[in-house]
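Chemist: Sequence:
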Amino acid sequence: MKNGKLFVIAAPSGAGKTTVTNEVIKRLSPEINISKVRTTTTRAPRPGEVNGVDYDFISIQEFEKREKEGYFLETTKYSGQLYGSPNSILEDLNLGKSFIIVTDLPGVHELKKVAHFACFLWITAPSINELKNRLIKRENNEKNHVEKRLKLAQEEMKYAQKPRLFDYNVINDVFDKTVTEIMNLIKKELTN
Numbered sequence: 001m002k003n004g005k006l007f008v009i010a011a012p013s014g015a016g017k018t019t020v021t022n023e024v025i026k027r028l029s030p031e032i033n034i035s036k037v038r039t040t041t042t043r044a045p046r047p048g049e050v051n052g053v054d055y056d057f058i059s060i061q062e063f064e065k066r067e068k069e070g071y072f073l074e075t076t077k078y079s080g081q082l083y084g085s086p087n088s089i090l091e092d093l094n095l096g097k098s099f100i101i102v103t104d105l106p107g108v109h110e111l112k113k114v115a116h117f118a119c120f121l122w123i124t125a126p127s128i129n130e131l132k133n134r135l136i137k138r139e140n141n142e143k144n145h146v147e148k149r150l151k152l153a154q155e156e157m158k159y160a161q162k163p164r165l166f167d168y169n170v171i172n173d174v175f176d177k178t179v180t181e182i183m184n185l186i187k188k189e190l191t192n
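In my numbering, the protein residues as written are 1 to 192.
Please keep in mind that the hints were generated in silico from the structure rather than gathered at the bench. As the structure is a prediction and not an experimental result, all values here were calculated from the model. Any given hint might turn out to be false.
Said to hold, decoys possible - Calculated lysine-lysine pairs in the PhoX-like style (CA-CA distance at most 20 Å, straight line):
{"hint": "1", "residue 1": "LYS148", "residue 2": "LYS77"}
{"hint": "2", "residue 1": "LYS177", "residue 2": "LYS26"}
{"hint": "3", "residue 1": "LYS151", "residue 2": "LYS132"}
{"hint": "4", "residue 1": "LYS36", "residue 2": "LYS151"}
{"hint": "5", "residue 1": "LYS137", "residue 2": "LYS158"}
{"hint": "6", "residue 1": "LYS177", "residue 2": "LYS187"}
{"hint": "7", "residue 1": "LYS97", "residue 2": "LYS158"}
{"hint": "8", "residue 1": "LYS148", "residue 2": "LYS158"}
{"hint": "9", "residue 1": "LYS188", "residue 2": "LYS97"}
{"hint": "10", "residue 1": "LYS5", "residue 2": "LYS188"}
{"hint": "11", "residue 1": "LYS77", "residue 2": "LYS5"}
{"hint": "12", "residue 1": "LYS5", "residue 2": "LYS112"}
{"hint": "13", "residue 1": "LYS188", "residue 2": "LYS2"}
As the list claims (entries may be wrong) - Cβ pair distances, simulated, as ranges:
{"hint": "14", "residue 1": "GLU64", "residue 2": "GLU91", "range": "35 to 41 Å"}
{"hint": "15", "residue 1": "SER79", "residue 2": "ASN3", "range": "32 to 38 Å"}
{"hint": "16", "residue 1": "ARG46", "residue 2": "PRO106", "range": "29 to 35 Å"}
{"hint": "17", "residue 1": "GLN161", "residue 2": "GLU64", "range": "30 to 36 Å"}
{"hint": "18", "residue 1": "ASN22", "residue 2": "ASN129", "range": "38 to 44 Å"}
{"hint": "19", "residue 1": "GLY96", "residue 2": "GLY70", "range": "23 to 29 Å"}
By construction, the Cβ of each residue, glycine as well, lies at the ideal position given by its N, Cα and C atoms.
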């Protein structure tokens, strides 16, 4: 049996990484045995997010307990909240299942240490103005929160251009085009 492959998709906040990833997985299934890694986080759910489906929402104390027990493959702190991916995916990769981890730039750095074999994809918005518009829609016009995330996104976008950090860079300008492009990249990587 062929091993599965781990894909890491990162993007600045508001670039659409979660929405794009969910659609990619929906369209690839059942042809390809791939699923999104359900991240554990200490942040509160956003409207419409479901515990145990979108994320595992837990307390800081529970997160720290799991971290000490070796539950996580990697952990990061973003915007004051903790995030982690479960270690159990490594066994599933050996059984032929493929995964996508959706993360941020600090998560990429952690995953490069423990999962250097993964395929790393960076998604960005076509412009800073477009990113700002997306953040405003998502953050319910909380100007202070939007400005903080936008500043961080600008720093991340500069840093993400470093050579060899990502295997692929994708601009999320037209949703269907972006989804198709990422699907094609995943299929290509799975046949190599």
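Chemist: Which earlier hints turn out false for this structure, listed by number in ascending order?
Modeler: Hints 4, 5, 7, 11, 14, 16, 18 contradicted; others consistent.
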